[in-house]
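Student: Spelled out, the chains give:
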Amino acid sequence: MPTIVVEVMPKAELLDPAGKAVAGAIHRLGENRITDVRLGKRFELHVDGEVDDALLDTARQLAADLLSNGVIEDVVSVHVADDAHASTGA
Amino acid sequence: MTVRVGVVTFPGSLDDRDAMRAVRLAGAEPVALWHGEHDLKGVDAIVLPGGFSYGDYLRAGAIAARSPIMAEVIDAANGGMPVLGICNGFQILVEAHLLPGGLIRNDHGDFIRRDQKLRVESTDSAWTNGFTAGQEIVIPLKNGEGGYIADDATLDRLEGEGLVAFRYVDVNPNGSLRDIAGLRNERGNVVGLMPHPEHAVEAGFGPDTDLAMRSGTDGLTFFTSVLKQSVLN
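For the protein sequence lines, the chains are A and B, in the order given.
The first sequence begins at 1 in UniProt numbering and counts up one residue at a time.
The second sequence begins at 1 in UniProt numbering and counts up one residue at a time.
Hints may be right or wrong, so weigh each one.
[Claimed, not checked] For lysine-lysine, the following DSSO-like pairs were computed, each having C-alpha atoms within a straight-line distance of at most 27 Å: (1) Lys-142/B / Lys-41/A; (2) Lys-142/B / Lys-117/B; (3) Lys-142/B / Lys-20/A; (4) Lys-41/B / Lys-228/B; (5) Lys-117/B / Lys-228/B; (6) Lys-11/A / Lys-41/A; (7) Lys-41/A / Lys-20/A; (8) Lys-11/A / Lys-142/B.
Treat the hints as calculated values from the structure; they're not laboratory data.
Chain A extracted, bound-state conformation (with noise of 0.2 Å):
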């Protein structure tokens, strides 16, 4: 079953206060070299048939419109996963 992943984050330039959470535990855990994290978000949009490029513009639409608020976050890919790399839940 094809996959379309969409990725998002939040914006750059915003506080990211889940992702300071995450970087406090990794330097608790003694790794310095690590400085930062942001945390963002990944769908997995199953599909049941062929995925042609209107579904992929319905995708981006949905990512841009749903999934994501562009004040706060920016869409970074929205694609077709490789089955070898998509999580299946099986």
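Fit chain B to the given chain A structure using the hints.
Tutor: Okay, now just chain B, sitting in the frame of chain A:
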């Protein structure tokens, strides 16, 4: 004629009953509205209450903003009907593009609950016309994602057009830019804020004041304001 104020219940709403109680204490008739219907039941004004609608999945208020009844709420708001969004309701208004900007996780990362002092910056709205400009009020604040943000151009426009309705005083509890606690729209019928006026409407159950414990009722003016507005129309 009794003014009828609808309160929308979403899955995960917490403060819908409190909002209905506040409406009743102000002298209006509360009307329960349901997120899954397309029926405003002929109400004169609408409150979107606090809580964690749809579990705050995706983003706070994001899924609620696209629920069935919001189509009618958005139409009514654009037609001039008074709409008040409290906390999660404010997040819903922002996600529905009825107010600009966005709300993100508190800058310190913690959920916060405190009795919060606010300054009323705009009395030109359906929900604030009973205050005096510059009046300081105290109502409860309780949220995890109350940090108000917008780009500089939007912030400058909000300030320039007098659309900042409430500002935090003494303490900025969540990192909101320019201490913004609440906004109104250009027409003044839509107001959204993070703190909770519906929890400060009855002596014995509100914030402490200098006079007595839990005697604060500053929130009641939101609901009496909309009565005045609705009677005038």
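Student: Are the hints correct? Go through all of them and say.
Tutor: Going down the list of hints, with the structure as the test:
1. Lys-142/B / Lys-41/A: Distance of about 26 Å is within 27 Å: holds.
2. Lys-142/B / Lys-117/B: 13 Å, holds
3. Lys-142/B / Lys-20/A: 22 Å, holds
4. Lys-41/B / Lys-228/B: This hinted pair holds, its Cα atoms lying about 21 Å apart.
5. Lys-117/B / Lys-228/B: Holds: Lys-117/B and Lys-228/B sit about 25 Å apart, inside 27 Å.
6. Lys-11/A / Lys-41/A: Distance ~12 Å between Lys-11/A and Lys-41/A Cα, so the pair holds.
7. Lys-41/A / Lys-20/A: Given that 27 Å is the threshold and the Cα spacing comes to 15 Å, the pair holds.
8. Lys-11/A / Lys-142/B: 25 Å, holds
Hint check: no violations occur; every hint is consistent with the structure.
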